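Listed in order, the protein sequences are those of chains A and B. Residue 1 is where the first sequence starts when you use the numbering used here, and the numbers rise one by one after that. Residue 1 is where the second sequence starts when you use the numbering used here, and the numbers rise one by one after that.
Hints should not be assumed to be uniformly reliable.
Since the list gives no way to pick one copy over another, a pair counts as held whenever it fits inside one copy or between any two copies.
Stated by the list, open to error - Computed list of lysine to any residue pairs in SDA-like fashion (alpha-carbon distance at most 25 Å, straight line): (1) LYS15 to CYS109; (2) LYS209 to ASP229; (3) LYS15 to LEU53; (4) LYS80 to MET1; (5) LYS434 to GLU141; (6) LYS85 to PRO204.
Think of the hints as simulated: they come from the structure by calculation, not from any bench. Remember, predicted model here, so these are calculated numbers, not experimental data.
Number of protein chains: 2
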Amino acid sequence: MAVIPLLADMHSRWKRVALLESTLGLLSWDEQVMMPSGGQSWRGEQFAYLASLLHGELVSPGFSETLSELERSNLTEPNKLASLKEARRRQSRAVKIPVSMVEELARVCSQAQQAWALARKQSDFELFLPHFEKIILLKREEADAVGWQGHPYNALLDEYEPGMDCLQLDILFGELQGPLSLLVSQARDLAGNKKSEQPTGNFPIELQKIFGESGARAVGFRFDAGRLDTSTHPFCSGIGSGDCRITSRYQTDGFLEGFFGVLHEAGHGLYEQGLPEGCRAEPWCQSASLGIHESQSRLWENLVGRSGAFWEHFYPIARAIFGSSLDCWPLERIQSCVHAVRPGFIRVEADETTYNLHIVLRYRIEKGLLDGTIPVRDLREAWNCLFQELFGIQVPDDRNGCLQDIHWSGGGIGYFPTYTLGNLYSAQLMRAAKRDLGDLEEDFRHGNFARLLCWLREKVHRVGRTLSAQEICQQATGAPLSCGPLLDHLKAVALN
Amino acid sequence: MAVIPLLADMHSRWKRVALLESTLGLLSWDEQVMMPSGGQSWRGEQFAYLASLLHGELVSPGFSETLSELERSNLTEPNKLASLKEARRRQSRAVKIPVSMVEELARVCSQAQQAWALARKQSDFELFLPHFEKIILLKREEADAVGWQGHPYNALLDEYEPGMDCLQLDILFGELQGPLSLLVSQARDLAGNKKSEQPTGNFPIELQKIFGESGARAVGFRFDAGRLDTSTHPFCSGIGSGDCRITSRYQTDGFLEGFFGVLHEAGHGLYEQGLPEGCRAEPWCQSASLGIHESQSRLWENLVGRSGAFWEHFYPIARAIFGSSLDCWPLERIQSCVHAVRPGFIRVEADETTYNLHIVLRYRIEKGLLDGTIPVRDLREAWNCLFQELFGIQVPDDRNGCLQDIHWSGGGIGYFPTYTLGNLYSAQLMRAAKRDLGDLEEDFRHGNFARLLCWLREKVHRVGRTLSAQEICQQATGAPLSCGPLLDHLKAVALN
Chain A
1 MAVIPLLADM HSRWKRVALL ESTLGLLSWD EQVMMPSGGQ SWRGEQFAYL ASLLHGELVS
61 PGFSETLSEL ERSNLTEPNK LASLKEARRR QSRAVKIPVS MVEELARVCS QAQQAWALAR
121 KQSDFELFLP HFEKIILLKR EEADAVGWQG HPYNALLDEY EPGMDCLQLD ILFGELQGPL
181 SLLVSQARDL AGNKKSEQPT GNFPIELQKI FGESGARAVG FRFDAGRLDT STHPFCSGIG
241 SGDCRITSRY QTDGFLEGFF GVLHEAGHGL YEQGLPEGCR AEPWCQSASL GIHESQSRLW
301 ENLVGRSGAF WEHFYPIARA IFGSSLDCWP LERIQSCVHA VRPGFIRVEA DETTYNLHIV
361 LRYRIEKGLL DGTIPVRDLR EAWNCLFQEL FGIQVPDDRN GCLQDIHWSG GGIGYFPTYT
421 LGNLYSAQLM RAAKRDLGDL EEDFRHGNFA RLLCWLREKV HRVGRTLSAQ EICQQATGAP
481 LSCGPLLDHL KAVALN
Chain B
1 MAVIPLLADM HSRWKRVALL ESTLGLLSWD EQVMMPSGGQ SWRGEQFAYL ASLLHGELVS
61 PGFSETLSEL ERSNLTEPNK LASLKEARRR QSRAVKIPVS MVEELARVCS QAQQAWALAR
121 KQSDFELFLP HFEKIILLKR EEADAVGWQG HPYNALLDEY EPGMDCLQLD ILFGELQGPL
181 SLLVSQARDL AGNKKSEQPT GNFPIELQKI FGESGARAVG FRFDAGRLDT STHPFCSGIG
241 SGDCRITSRY QTDGFLEGFF GVLHEAGHGL YEQGLPEGCR AEPWCQSASL GIHESQSRLW
301 ENLVGRSGAF WEHFYPIARA IFGSSLDCWP LERIQSCVHA VRPGFIRVEA DETTYNLHIV
361 LRYRIEKGLL DGTIPVRDLR EAWNCLFQEL FGIQVPDDRN GCLQDIHWSG GGIGYFPTYT
421 LGNLYSAQLM RAAKRDLGDL EEDFRHGNFA RLLCWLREKV HRVGRTLSAQ EICQQATGAP
481 LSCGPLLDHL KAVALN
C-alpha cells in the first residue's frame, strides 16, 4: 500500500486519540476548577467511558497494521518518523497492558485514594498499607507486561520519560545527593539565617491574581489562547490547540507562593502554546517528555522568576499593587528570601535546593518497592531512615513523611524523577541560552523576556517530539544532561 | 431472550448516549462561558467527533434489535415503558436521517451562521437568503426522511415537543392571537404609560451577581449541584447528574434584566435538579419536553418573580445591595414596571405579554416556509406584513425584523413554539398549584418558595418522561392545555 494513505490513516486515528485525550483534559480541568461537588460521581463515569474509547482506538488491530506497514516503508522525513515512533510507543503500551489490569488498577486506586486521605489525616501508614501493597503488586505486573531490561522500574519510567532508565538516573541522582546534602547542612548551620523569612502581611487574593496575571502576561503567556484560574493544586492543562489553561493557589498571608505558582505553570503553558501549530493531530507535535515539560516550568519559576534582575522589574509592580503591605520588605529583602534554603519535611513546600533531595529519596524508595528490596510494610522505616541520611533531621510522623504525596495512591510510580530531571534540564538550558544570547539580566531588568522565549521556542518548543529529551538537551546545549549546571546555580544562590 | 438482560442492554447503551451527550454539554458550556477564543477550531473538531460517536451508538443495529425484542415482550411498568418509547423515538429519528444529511446540514449551517451575523450587522436579508434557502430545503428533506402526517412541520416539532402538532398549535395560537393583539394595542393607547420605565442608574455587575445568586438560592437552586456564571446568551445546561449550570448576563445601567435572567434559568435548573435521581442513565429520567422545561423557567421568572408579593420580600434585599441607586424606585414602582407592556421589535427584549405574539409570528412563518406557501425569498415581506398585523407597527429594517434571531441560521426550525407552550403550561400549572396549596402570596411575601417547589417536584419534576407534556398538564391541572389561564393572567397584570 502506498505511504500517503497509510500516513493519512495513522493521522486520522491519532486525531481521534487526541480529540478524546483533550476532552478528558477538559473534564479534568473542569472537575478541579469549576465542577460543583454534586457532579463527582457522574464525572467519574464520563472519565471511565471516554478512557475506554481512547483505549479502544489505541488497541484497534487496524492501527497496529497501519503502523507495521509504515515501519516496512522507507519513511525518511524526521517529523513522520517521529510520529510513527510515538504512535507505536503508545499503541504498543496499550496493547501489552490488558484491559482487565487497567480496570483492576483503577478500582484499587479509587479505594486507595480514599484510604490514603484518611491515613494521612490520622497520620497512620498502617491504614494505607494493604492498599499500597495491592498497588505495588499491580505495578510490578504492569512492568512485566510492558517488558523491561535492567530493572522493572524502567518500564514505568518510560511512560513519563521515554529513553531514560535507572542506569542514568542512578548516576545523575548519585552525583546530586552528596553536594545537595552538604548545601542543606551548611544552610542549616548558618547561624541566624534571616533569609528563611517570607513576606507576611495581608495580601488580598484578588490583588494576588492581578499580580500573577501580570507576571504570566509579561513572560509571554497568551490569554487569547489560555486562561489562569484557581485550584487546590496548581496545574497546567493543554485542552486543545489554542487553548491552554493554568491555575495557581493563593493564601492571604503571603504572596510569593501564589506568584511562583503562576510563573511555574505559565512556564508549562509557554511550552504548550509553543508546540508546532495547526497539526495537533500528528503524534510528533507533542511535548518531548515530562522532564522537558518540567524544565520549562522550573526555568521560568526558578531561573528567571527568582533572579535579582527579575525582581528589579517586578518589585515596583508589586508595590503598586500591594501598597504598604510591602513597607517592611524592600527589594533587597525579597531578592534574598526567594533563594533561602529551608530544609523541611514537605516536598511541595520545599525550596529549589532541598526539593531535589526529596526526589532522590522518592526515587530510591520507588525502586526498592518495585524490585522488592524494600517490602511495602517497611516503607515507613525506609522513608524515615533515608530522610535522616539525606536531610539530617528526623521525620516526626507519617503525615510529614511517607504519606504526604498523592502520587502513590493513584498508582503514579516512576513519575517523581521527572521533577528533578526538569530542574537539571532547566539549568543546563539556561546556561546555554546565556551563552547564545549574552546578557539576559539586562533583559529581565526591563521586563523583556522575548529573546529568551524565542530561544526556547526554537530549541525546545517547536521541536515537538522529533527529538528525545536527551537529544534536545544535546542539540541545544552541546552536551549530554549533567548535574554541573544545576549544582553550580544552587551553590551560587543558596549560601549567599 | 429474557426481559432483564434486554433491559440491561438498553440501559447500558443509553448510558453511553447520556455520557456522550453530557460531555457535549460540558464542551458547549465551556465554549460559551470559559474557553479562550483560540480554542474555537479544536472545539469544533471535538464537537463533531463526539457527535459522530453519539450517532453511532443510536444507529447501531444491536440497539434496534434490543428495542424490538423489548417491544415484543410484555413490559408493563410505566418507567420501563416510557424508557422504551423514548429510546425508540431517538433511535428511530437517528436511523431515518442519513449521516450525509446531518453532515450537509452542519456544513451549511456553519456557513449560514457567519452569513447571518454579517447580514444582521448590515441589516440586509439578501445576504442571508441563499444560505437560508439551502437550510429550508434540507429541513424539508429531513421532515420527509423522518416522515409526517398532516404537515411536514410536525416532523420537526416532534424533536422538541413530542406529541404536539400543527393542528393543536393552530388552535392554541389562534386563540391567543386576537386577545394578545388587543392587549398590546390597548397598552399602546394608554396615554402617558409611566409603567414602561425601567430603573436606571449605576448597578455594578458584581453586586448584580450577588443579588442574582440570592434569588436563585431563595427559590431553591442548589449550588452544591450547580453553578451560576455569565455568558452572552443566558442558558441552562444539565452537565450530568448533580451538576446543572445556569448563566445570566448583566448591564450596569439596570438590574432587572439580569435578575429575571437568573430567575428564568434557575427555573430550568430547578427542573433539572428535580429530575429522578441516581438513574440518569435511564431514558425516562429526562425532562418531558422543551415546552414543559420552558414552563418551569417562565413560572419562576414571570408568575413568581414578577408577583407583587415576591418583591415585598426581595425589595429590601435589593435596597441593601444597591443602596441609593434605588432611591427613586420605591417598591410600588418596581412592582408596577415589571409587568409593563412595551411593544417592540425584538423578541428577546419583549415583555411577558407581547412575547407570545413574537412566537405566533415565527410559527406562522416557519410553517409557510416549510410547506412552500411562503417562498424563502419573500421572507422579509411576509415578516413585515405579519408584524404589522399582529403588533400594529411597522418594522424599520431587517435587523429589527427577520434577521434578529440566531435560531434559523443554525437550522432550528420548529423550536420557537415551545416558548409559548411553556408560557401556557406555566400559567395553567400555577393556577392548579394555587388551587391545591391555597395562598402562595403569603409564602412569597416571606421568601418561602418551598411549598410551590415541592408541588412542582411531585407534579412535574419527578415524573420525568413517564408522561407526555400534555399528560403532565392533564394530571396536574385536571384539564388539557388551554389558553385561558395565560390570557387571564396577562389581562390581570398588563393593564393595571
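For each hint, the structure was consulted:
1. LYS15 to CYS109: between (29 Å within a copy, 24 Å between copies)
2. LYS209 to ASP229: both (9 Å within a copy, 19 Å between copies)
3. LYS15 to LEU53: Answer is both: 13 Å inside a copy and 14 Å across each meet the 25 Å cutoff.
4. LYS80 to MET1: within (17 Å within a copy, 51 Å between copies)
5. LYS434 to GLU141: neither (45 Å within a copy, 66 Å between copies)
6. LYS85 to PRO204: neither (49 Å within a copy, 56 Å between copies)
Hint check: violations occur at hints 5, 6; the rest are consistent with the structure.
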